[in-house]
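For reference, the chains in residue letters:
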Amino acid sequence: MRSDRLNRSPMGLKIAAAAGLAFLHLPILLIFLYAFTTEEKSYQFPPPGLTAQWLAVAWNRPDVWAALTLSVKVASIATAMALVLGTLCAAAVSQTRFFGRETISLLVILPIALPGIITGIALRSAFSMADIPFSFWTIVLGHATFCIVVVYNNAVARFRRISGSLIEASMDLGADGFQTFRYIILPNIGTALLAGGMLAFALSFDEVIVTTFTAGQQSTLPIWMLEELIRPRQRPVTNVVAMVVVLVTFLPILGAYYLTRDGDQIAGAGK
Amino acid sequence: MTAFAEPLVLPERRGPASRLSDFFWRHPHLLLTVLLAPPLLWLGIVYLGSLFALLLQSFFSIDDFSGLINYEFTLSTYRQLLSETNLDIILRTVLMAATVTVASAVIAFPIAYYAARYAQGKWKVLFYLGVMLPLWSSYLVKIYAWKLILAKEGILTWIFEKLHLIWLLDGWLSLPVVGGNSLSVSYTGTFIVFVYVWLPFMILPIQAALERVPGNLIEASSDLGGTPAQTFRFVLFPLALPGIVAGSIFTFSLTLGDYIIPQIVGSSRLFIGQAVYAQQGTAGNIPLAAAFTVVPIVIMGAYLFMAKRMGAFDAL
Numbered sequence: 001m002r003s004d005r006l007n008r009s010p011m012g013l014k015i016a017a018a019a020g021l022a023f024l025h026l027p028i029l030l031i032f033l034y035a036f037t038t039e040e041k042s043y044q045f046p047p048p049g050l051t052a053q054w055l056a057v058a059w060n061r062p063d064v065w066a067a068l069t070l071s072v073k074v075a076s077i078a079t080a081m082a083l084v085l086g087t088l089c090a091a092a093v094s095q096t097r098f099f100g101r102e103t104i105s106l107l108v109i110l111p112i113a114l115p116g117i118i119t120g121i122a123l124r125s126a127f128s129m130a131d132i133p134f135s136f137w138t139i140v141l142g143h144a145t146f147c148i149v150v151v152y153n154n155a156v157a158r159f160r161r162i163s164g165s166l167i168e169a170s171m172d173l174g175a176d177g178f179q180t181f182r183y184i185i186l187p188n189i190g191t192a193l194l195a196g197g198m199l200a201f202a203l204s205f206d207e208v209i210v211t212t213f214t215a216g217q218q219s220t221l222p223i224w225m226l227e228e229l230i231r232p233r234q235r236p237v238t239n240v241v242a243m244v245v246v247l248v249t250f251l252p253i254l255g256a257y258y259l260t261r262d263g264d265q266i267a268g269a270g271k
Numbered sequence: 001m002t003a004f005a006e007p008l009v010l011p012e013r014r015g016p017a018s019r020l021s022d023f024f025w026r027h028p029h030l031l032l033t034v035l036l037a038p039p040l041l042w043l044g045i046v047y048l049g050s051l052f053a054l055l056l057q058s059f060f061s062i063d064d065f066s067g068l069i070n071y072e073f074t075l076s077t078y079r080q081l082l083s084e085t086n087l088d089i090i091l092r093t094v095l096m097a098a099t100v101t102v103a104s105a106v107i108a109f110p111i112a113y114y115a116a117r118y119a120q121g122k123w124k125v126l127f128y129l130g131v132m133l134p135l136w137s138s139y140l141v142k143i144y145a146w147k148l149i150l151a152k153e154g155i156l157t158w159i160f161e162k163l164h165l166i167w168l169l170d171g172w173l174s175l176p177v178v179g180g181n182s183l184s185v186s187y188t189g190t191f192i193v194f195v196y197v198w199l200p201f202m203i204l205p206i207q208a209a210l211e212r213v214p215g216n217l218i219e220a221s222s223d224l225g226g227t228p229a230q231t232f233r234f235v236l237f238p239l240a241l242p243g244i245v246a247g248s249i250f251t252f253s254l255t256l257g258d259y260i261i262p263q264i265v266g267s268s269r270l271f272i273g274q275a276v277y278a279q280q281g282t283a284g285n286i287p288l289a290a291a292f293t294v295v296p297i298v299i300m301g302a303y304l305f306m307a308k309r310m311g312a313f314d315a316l
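Listed in order, the protein sequences are those of chains A and B.
When the letters of the first sequence are read in order and numbered with the working numbering, they come out as residues 1 to 271.
When the letters of the second sequence are read in order and numbered with the working numbering, they come out as residues 1 to 316.
FYI, nobody ran anything at the bench for these hints, they're computed from the structure.
All C-beta atoms, glycine included, are put in the ideal place defined by N, C-alpha and C.
Please note: incorrect hints may appear among the correct ones.
Claimed, not checked - Below, in silico cross-link-like pairs of lysine to aspartate or glutamate (DMTMM-like), each with a Cα-Cα straight-line distance of 20 angstroms or less:
(1) 308/B / 102/A
(2) 122/B / 211/B
(3) 147/B / 161/B
(4) 152/B / 168/A
(5) 14/A / 211/B
(6) 124/B / 153/B
(7) 41/A / 211/B
(8) 308/B / 40/A
(9) 147/B / 227/A
(10) 147/B / 170/B
(11) 41/A / 228/A
(12) 152/B / 102/A
(13) 147/B / 40/A
(14) 147/B / 228/A
(15) 14/A / 219/B
(16) 41/A / 176/A
(17) 124/B / 211/B
(18) 147/B / 39/A
Said to hold, decoys possible - Label-pair restraints from in silico Cβ distances:
(19) 41/A / 64/B: 42 to 48 angstroms
(20) 164/B / 113/A: 42 to 48 angstroms
(21) 18/A / 219/B: 22 to 28 angstroms
(22) 124/B / 22/A: 36 to 42 angstroms
(23) 278/B / 131/A: 34 to 40 angstroms
(24) 41/A / 124/B: 31 to 37 angstroms
(25) 175/B / 105/A: 42 to 48 angstroms
(26) 152/B / 98/A: 55 to 61 angstroms
(27) 67/B / 18/A: 55 to 61 angstroms
Generate the whole structure from the sequences, applying the supplied hints.
This is the structure:
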């Protein structure tokens, strides 16, 4: 039997935990305040006044829209590629045993375990050696490489939970491999793939380090922001874009969480 | 009654898809090859190929006069890497990575411990999302937020002024090494942003390790007369250590390779990531840039080897 006293947390721990969470969240909340400041030239706090005019200014900026469109395009295609490759890899690793299985998991994780700058510069020098000009597709190629791991992690966790007898039963009842995949496996792994895809999208949408090496003249939204960070020219517009980015990335994370919360491994734990 | 019994083995199915599927069933190795070929071609050739090509370049050198790469095996690039200025950069980065790791562990522990042991139901979800959302929210936005906070006219200065503690901030900024003109151009600023951005990577593995510590172990320790400090020192900390080491892999590796944070918030002195970026970009010295990337790879290799021996991978 447990006493109540032991189950109650010490005051100091409570305060330290709350302070830690506040440290994680307050800076992001501050972005929301700055998006409405009337101050244009500096990061003055407290803001001298509040206004919503920057929302309209940012809305009418073609360069922001161009960057946003490019980011969404890159993230969609990279996610689609990662979904195919990650699922294939997960299916092979979890449904069969073969020599070198462990190595494959390591290989999949490597692009995200090594610092992004190494992945970036390696791809860049490979492109230049192969005389491939930088384009939309070189960005996609880099992104898909490190997005595979998130899809793979989610799919592997779900594949482990599908019992082999389900698949055997389907085969015994006369379904061929494709039918089994369509009617048995896909409904079971569907939500995991959706969650993995959402996380891959979020990861690609936000990626900047590899992108700086694999993009030519084009700028994705993070590259646009990076330029504003290094040489601030349009502070109010940057504030608004930052706020929108925060809101946009929260949605896939919450979605992925609700899709996989009953699972043994929750999506995103292995970014 | 029919004259013939149904055959035991079903007749061959119709349609190319079915026949293909039967073929794979009879040749499982072929199926495996088909499944694995696309991802392996991608990762093995595109990714590993680029990586090896890069490492190979570190054994070439650059011609000082023409600026072209001299494709002959040489160790001179590594000799250049070990010059005093470059060693300074490496040492500075490793020191920063170490301090960031220790600070993240200290801040992460209470959050992870509370979430693992005391948070129930709704609170558990809140803690989980409370760590997940900052982890996944945009890296650049997080840095941008800190640029707003650390600016001379920003919120931190304002708070210190309101508390009449501005002398404390000024005193800290006047210190050598950690100080500077304002927090956003000092090592202190770089350090704070690093800790902030990598903190969730530390919380998750520590929490995973602590979830596995049975509550009655802690009760047993206090029943046997251990003070909370002793319980922490001899029971909790050793059991959480694999989680801390697992988290430190992330914080250490990410700090070693980052070049954006020190560029935006920090002094003008370079970190490894910035050196790599400068060498491959403006200087056009790919061999030296490649040699620089070998440093984090070697350090992380050694680190991972030690972590594996401490059982950190079970906590991931």
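Against the structure, the hints come out as follows:
1. 308/B / 102/A: holds (15 angstroms)
2. 122/B / 211/B: holds (17 angstroms)
3. 147/B / 161/B: The hint holds at about 19 angstroms.
4. 152/B / 168/A: This hinted pair is violated, its Cα atoms lying about 67 angstroms apart.
5. 14/A / 211/B: holds (17 angstroms)
6. 124/B / 153/B: Violated: residue 124/B and residue 153/B sit about 38 angstroms apart, past 20 angstroms.
7. 41/A / 211/B: violated (48 angstroms)
8. 308/B / 40/A: violated (51 angstroms)
9. 147/B / 227/A: It holds: about 14 angstroms lies between the C-alpha atoms, which stays within 20 angstroms.
10. 147/B / 170/B: holds (18 angstroms)
11. 41/A / 228/A: holds (13 angstroms)
12. 152/B / 102/A: violated (51 angstroms)
13. 147/B / 40/A: Given that 20 angstroms is the threshold and the Cα spacing comes to 15 angstroms, the pair holds.
14. 147/B / 228/A: holds (12 angstroms)
15. 14/A / 219/B: Distance ~19 angstroms between residue 14/A and residue 219/B Cα, so the pair holds.
16. 41/A / 176/A: violated (66 angstroms)
17. 124/B / 211/B: holds (12 angstroms)
18. 147/B / 39/A: Between residue 147/B and residue 39/A the Cα gap is close to 15 angstroms, so the pair holds against 20 angstroms.
19. 41/A / 64/B: 42 to 48 angstroms: holds (45 angstroms)
20. 164/B / 113/A: 42 to 48 angstroms: This hint holds: roughly 47 angstroms between Cβ atoms.
21. 18/A / 219/B: 22 to 28 angstroms: holds (24 angstroms)
22. 124/B / 22/A: 36 to 42 angstroms: violated (18 angstroms)
23. 278/B / 131/A: 34 to 40 angstroms: 24 angstroms Cβ-Cβ, so the 34 to 40 angstroms window is violated.
24. 41/A / 124/B: 31 to 37 angstroms: violated (45 angstroms)
25. 175/B / 105/A: 42 to 48 angstroms: holds (46 angstroms)
26. 152/B / 98/A: 55 to 61 angstroms: With Cβ atoms ~60 angstroms apart, the hint holds.
27. 67/B / 18/A: 55 to 61 angstroms: Holds - the Cβ-Cβ distance for residue 67/B and residue 18/A, about 56 angstroms, lies within 55 to 61 angstroms.
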